[in-house]
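**Student:** Note that the protein sequences, when read in sequence, are chains A and B.
Using the working numbering, read the first sequence as starting at 1 and increasing by one per residue.
Using the working numbering, read the second sequence as starting at 1 and increasing by one per residue.
Hints in this document: simulated from the structure, not taken from any laboratory.
Computed from a predicted structure; not experimentally measured.
Just so it is clear, CB atoms sit at the ideal spot from N, CA and C, and this is done for glycine as well.
Take these hints with a grain of salt, some might be off.
Said to hold, decoys possible - Below, in silico cross-link-like pairs of lysine-lysine (DSS-like), each with a Cα-Cα straight-line distance of 25 Å or less: (1) B/67 with A/300; (2) A/138 with B/251; (3) A/375 with A/414; (4) B/75 with A/176.
As the list claims (entries may be wrong) - Label-pair restraints from in silico Cβ distances: (5) B/157 with A/380: 38 to 44 Å; (6) A/295 with B/49: 20 to 26 Å; (7) B/94 with A/297: 40 to 46 Å; (8) A/268 with B/82: 57 to 63 Å; (9) B/150 with A/265: 52 to 58 Å; (10) B/265 with A/270: 39 to 45 Å; (11) B/265 with A/260: 37 to 43 Å; (12) A/174 with B/85: 47 to 53 Å; (13) B/181 with A/331: 50 to 56 Å; (14) B/68 with A/372: 34 to 40 Å.
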Amino acid sequence: MSLLAAAGLTAAFLTPGLALGGAAAPATAADKTTFTLGILSEVDSFNPFLGVQSEAYEAWALNYDFLVGYSMKDISPEPELATKWSHSDDGLTWTLTIRDGVKWSDGEPLTANDVAFTLSRIIDDGGPWAVNYGTYLKGATSATATDDTHVVLKLSQPIASLPLLPIPIVPEHIWKNVNVDDLKSYAAEPENGQPVVGSGAFTLVEGTAGGSTYRFERNPNYWGPTPHIDEVVMQVYKSADPMVQALIKGEIDFAEDISPLQVKSLEGKPGITAHFGNGVYFDEIAFNTGAVDPETGQPKGDGNPALKDPKFRHALGYAMDNQLIADKVYQGAAEPGQTIIPPSYSEWRWEPPEDQAFTFDLDKAGQLLDEAGYKKGSDGLRTMPDGSPLGTLRLAARSDATSDTSINTMDYFKEWLDELGIKAEVVPYTSGRLTEVILDGNYDAFEWGWYVEADPDGVLSYFTCDARGALSDSWYCTKKYDRMYEQQHVEMDHDKRVAMVTKMQQMIFEASPYLVTVYITTGEAVRSDRFACFQPQPDPGGVWLIQYGGHNYTAMRPADEAGDCDGVTSAIGATAPSDSGGSSSTFWIITGGAVVVLAAAGGVVLVRRRATVGERE
Amino acid sequence: MSLATATESSVLPQPRARHHGYGRYVLTKVLGAVGSLAFMLVLNFFLFRVIPGDPARTLGRGRFTNKEQIAEFNKTYGLDESLPQQFLTYLTNLAHGELGISLKYRAPVSELIVDRMWPTILLVGTSTVLATLIGVWLGIRGAWKRGGTFDKASTGTSLTLYSMPEWWLGLLLIAVFAVGWGPIPGIFPTGGLHSVDADPSSLSGVLDTAWHLTLPVITLTLAYLADYSLIMRSSMLDELGEDYLTTARAKGLRDIVVRNRHAVPNALLPTTTVIALSMGYIVAGAITVETVFSIPGLGLLGVDALEVPDLWLLQGVFLVASAGVILANLAANLLYGVLDPRVRT
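Extracted from the complex, chain B is given alone in its bound form (with noise of 0.2 Å):
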């Protein structure tokens, strides 16, 4: 997938525009995110057979105590036959819209994944909108005063936060507004998507799901803060020194008014990239995050999956989150294509 995404988005703007149709540039794109969707889909399965391990085998350890035990296992859930009959299975449920059966849940791929799903989008996506916010507000400041407190200060944090490992940052979070630490009550949660008796559907099971995501949020977005920070301010670094700022300044403008209608709108474009692809990740989860909060997201279930290793399972989690990031890619080009004409080309 990091190949899709290199060759993707290595698209340079062109010197010059040329007026080809809209029309044109969107089948191009669309044609190649479905031949890279399908080329994952064939690599996706002879991926996971190379990984070494046998699922009866680890399933079983200390359970199974003889060969017919393993034999049943593997004749039920398919494991017995051929490499291309099982692939053959595979193009033949997908064609179905069915992803298998896990080895491990012993429950269709697909109802795993969408369960899974939620939380992690919630969980990683609301954290990488939040990180976005504020990382491009604090990047904007940041260089428009550029050396100043602010900009020392906001740089220096972002980036003590982001070389902190992320569990590490969770548990500290943890043992201070979870625990309690001090003075400081203990008011979220440990870990855990809500509370065991809250009904999702309701306001008040919709409130106690925020709040136990409040810690994780908060770290994520922390962790996250960096990318987009640093990416603004330099961007916008590149834009103060042009020509039309002074222009704007010349025209007796605020110094607001040209930082946010004339410098920012300019130097946003290479942001929109990062955000773009940073979107495609969100479904492929934020494992440790969810390992240290106890989120059920989709990054643990592909861990998970990976230690028995659970095949289809596999095969169904790395297909969502590459197709996560070749849809976002696909988004990111033709966003950029209507943001910015020179690359119809």
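Looking at chain A on its own, in the form it has when it is part of the complex (with noise of 0.2 Å):
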């Protein structure tokens, strides 16, 4: 019985905390207001020279600003801490003018030495300054702040990505006692109970890296328009169904990342708007178009030799219905690939023409082959050119993604080879393990995605020569891409690198080391009875937070206070609300139905159990 007794007592310790617990969250809520979203990966880290994962680009996005930020439009470059920029004719010499009369969030003042000071560690210090930024001031050698409010930077070669320069700016006073042996492990969070120092709208007051919950408060000193919202609380699901569960009950106010079932699933609940925004993210299909040694020039691992050939790669370009993927495999939430640079990037993006885009094809797949000299033999499938066996393509697929997509995508890509007269059969791989294959060379072809920079630079760079046994995975290597990746690497001229830009997307594109399967989108939901004005980025279509640049947490209000979200037609909640009342009565005969149901259901469980109650003990 003391058994019992002990139960009893921990049952007792438990159950105030319902009574409690369940009263004191509401009442401090009522203070202020508070923008919770919800997020399915933790921060890795707050120091914006280590952390990698979006939500800490996020978290930053919130703390510090960026020299040079990103439009909402289509991403490309726009004024933040700096307001203006000019450059030398020979492009070498860089001068930046920094806003004025910017107070960090414990009131000293950001001055052109800040922007150095930041600028400096990562030119001149390099080591883990550097490996987040570097690839931005690649050829500078110094940045010096002329003035209180002019930087100076100074090249070697011109840097054609200028002035993107999406560098948070760290407060001098503080990180200069931060040395590079310390940087790898600070940790730059909330310390003794004082927020973390930063210009950016809003400070992070309480939070570790890898903590699950996050809390921002408005820095008081931002220099910009001032937030609607008093405080953005992060909070980490470790699963997307609880995460969208929390939606529901209005725990959160936004759910980011959530899979199409469920975005399907919140479409019509009250209160609630979902979406699939726009994304910069793509899927491919890549080959081993000839895997070397990068040291020695010497052709190494199993690859087939028909994917060495641009000719066959590219007719099964044909062979891949795209659509079909994004419907089937993704579920919708996707829009079927064609380039390396998705379309949220408008500006970069090279569209093929009608007449040389791909389609589903498989009659025009198999008849390039036969051209290519793929023919069929006799016994229907097709061989290599000189009448040897193609053999068997190995698709190697990931086994351990979030979702089957990789796996399913190879699964139809098998079935479309087969038809074509070439045999396949999928193999799966953890990704660490396909790292592995990739860069020994055993694989004929494996399925994964890339997050595409603003810049396209770093895009473009995975299929220069000098990446292979880096971040190249097709192998793929050209004297002639190589020289133009160079050219737009040092052009000063927008226009014309934009003209590069859209050369080296076809180069690729009919040279096909990647087979572009689908653009992803995110499903996004938010409370939108409860917030307003989220715009999308790029607009339209874009997402509506894990953007570049934190603009929406300024942007938002709470829903009450939307107006016409400041004439930003395209943000969620900026026109009034007129189709509500429908789907709310909906809402209530469903709910009313459930409860009669479960009533019933109810009295018909005490019936039976009045019934044994002689049995039971």
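Work from the hints to combine the two standalone chains into their complex.
**Tutor:** Rendered as structure tokens:
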């Protein structure tokens, strides 16, 4: 019986929490406007030089300002801390004008010295300082403050991606004490109750990397428009279902990165608006175009020789029904793909003209293969141009991806290859193992994807000879492409560079080291009965949060203050909701029905319990 | 670690009691545990070096665009060193009580583990204790009136719960008691360890945490219940036929006294082993339930680390988990030596 008593005690300890904890939460919420965002991964580091997760970038966007940020419309460079910039004719000297009168959240003035300090750490100290942002400043030799509002950046060779400098500027008076050795584990988190010092619209007051809750308070010294909310809370959920439940219940106001099924289940729920936002990711089927040892240039691995032929690879582009993949494999949460720069970057993207674009046309694919010499043998299987058997293509898929998209895509591809007379098998790997297989060159094709940066230099670099053995996973290498890559890398004339980037996309499209399957969209849902004025980025069609920069945290408003959202017509909640009456009455009908059914069920149980009372102890 | 468990707990009770000192028994067991731990330390290092994957590539996919960035990352976190050199660094770090810097979170591993350990101990510890108490009680009652309605109901229920996936049970509880279902109001939070602005050191903070932990604790307790109730039930059944119970009854003792004073203490012995061993798994966490309820515990930390693979963090988490099992094993052995002197041979 003592056991029972102990159990009872524990229960008694747990129960008062219901009443007290339940009552406590709403009481504090009434004082200030808190926006709670549900995310599916932890912030891996609040130190902007260390973290790599999107969630970390989001936290820095709240806490710090970029030197040059991104526009909402097409993610092109836009003034942030730097209000103006100009460069010498040779492109080797850049002068940036720093916004006047900006203060850090602790009241210290933010000057050109802070900017020069941050850039100098990356340029001079290198090491961990340079890991995240080194590429934006590759070729820079110095950054100096000439006065409080001007920074001069000297380069040894032009950097075409300038003025894009999405580098969070950190306060010199705090960070000068951090040396290179300490930086690799410097947390940049609140210490002794002191919030993190930054110049962004919000400042981190509570939270630690890998923790599950992060709280940001409005920065009273912020130079930009005053946010309409007092507090941003990020709440980490380790699986999406409970996060969606929390949204329905109202514990959170926004759910980020939810699945197509969840978006569909939330559509029409009163007070909730869900959508798919166009993202900056593509998924692809990549080929082993000829693995070599990067040091010696000697071939390595056992890739199928047919895939070394651009004609063979390009023909397979017509054997891919990307619309079907987007609909079936991604359940609608994707757009069919063509080239390596997603439509979100409209400025840089090359759209293949209709007569060149891939369409699902197995006859055409077969015809192209025939022309290239891969004819069908007597057994119905295609052979190499010299008549030797083509063998079986190994299609590597990632078995540990969060969804089955990788394996399902390859399953479809295998069927289409079969119809073309090419034997194939799907081989699953974990991502880690697949990385090794790719580096060893022991594969024919694999399915994976990339996040594409706002400047195309990054995604274009994966196809250079120099990237082999590092980030190249197709082993693509041609002198012509490399030359163009080097040229666009230093081209200061924007229009000329766009033309080069367009041409390079076309080259990759024709040589087909990658067949881009889809551009992935992101599922998002917001309590639109509570918050409004989220502007999509890119506008229209883009995501509402986890954008480039923290624009929507200053733009969002409580729903009852939405108005016309300062004339941003694309923002959600900007127009007066007119059709909410219909859906909400449907809700009550359904709820009412459910209550009746449950009450009836409860009655049945009660009756049955009474009936069996004699049997029970 | 399962190897260690098997050898340590396979010490069978000897038929005759011999008077060896308890001190010597303790010494052997402690030395054995230290040996297992040392073996784990070494195995730990090499085990995770076998996992395929390259942390710089996994973490930097889409962020790192050139070789320099990968090289810089590897250099900063000592991944460019040779394997023997890394092993040496690992041993030196351990000697200084350090576990290295997490590759994913860029924070000292020891800090991360300490941060994550308390939620896990609270969640799994509370559930283990509750499941033990309730399970043992169910087992005793069920066995005493074997085949009765209570026995049938409790065995059936606990077996059903045992066979349910924990995450599914958790999701059901969330749907019903957190979101609300029909007339049942959603009074519990859907996840997390505490409210955002709760101060964990104040009374309201403690209650807030308890409120958040209610559903996950119930989930785990229900899932663990059968472990204890079935063992307790069967060891009680073993005792029921014993002569000493007949004697006790013949002395005219009341039924409840016969059960609690005579049968239960003897039947508790096998259960003790199971309980002590499961205590060791408390720090290993409960991955699925931590995932469903978003409890930032050690189980989740290990899973996150495995994806990278975050070698130093993995080593740390596994070290703590295996140390937990080894220590619990040791405790079980020492306790058994007290409870049953026959094993001290």
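**Student:** Against this structure, judge whether each hint is valid.
**Tutor:** Verification of the supplied hints:
1. B/67 with A/300: holds (20 Å)
2. A/138 with B/251: Violated, at roughly 93 Å.
3. A/375 with A/414: The hint holds at about 19 Å.
4. B/75 with A/176: Given pair residue 75 of chain B, residue 176 of chain A holds - Cα atoms ~22 Å apart, limit 25 Å.
5. B/157 with A/380: 38 to 44 Å: Between residue 157 of chain B and residue 380 of chain A, where Cβ atoms are some 60 Å apart, the hint is violated.
6. A/295 with B/49: 20 to 26 Å: holds (24 Å)
7. B/94 with A/297: 40 to 46 Å: Hint holds: Cβ distance 43 Å, inside 40 to 46 Å.
8. A/268 with B/82: 57 to 63 Å: Cβ of residue 268 of chain A to Cβ of residue 82 of chain B: about 60 Å, so the range 57 to 63 Å holds.
9. B/150 with A/265: 52 to 58 Å: violated (41 Å)
10. B/265 with A/270: 39 to 45 Å: With Cβ atoms ~60 Å apart, the hint is violated.
11. B/265 with A/260: 37 to 43 Å: This hint is violated: roughly 58 Å between Cβ atoms.
12. A/174 with B/85: 47 to 53 Å: violated (34 Å)
13. B/181 with A/331: 50 to 56 Å: violated (27 Å)
14. B/68 with A/372: 34 to 40 Å: Check passed, 38 Å falls within 34 to 40 Å.
Checked against the numbered hints listed earlier, the structure breaks hints 2, 5, 9, 10, 11, 12 and 13; every other hint is satisfied.
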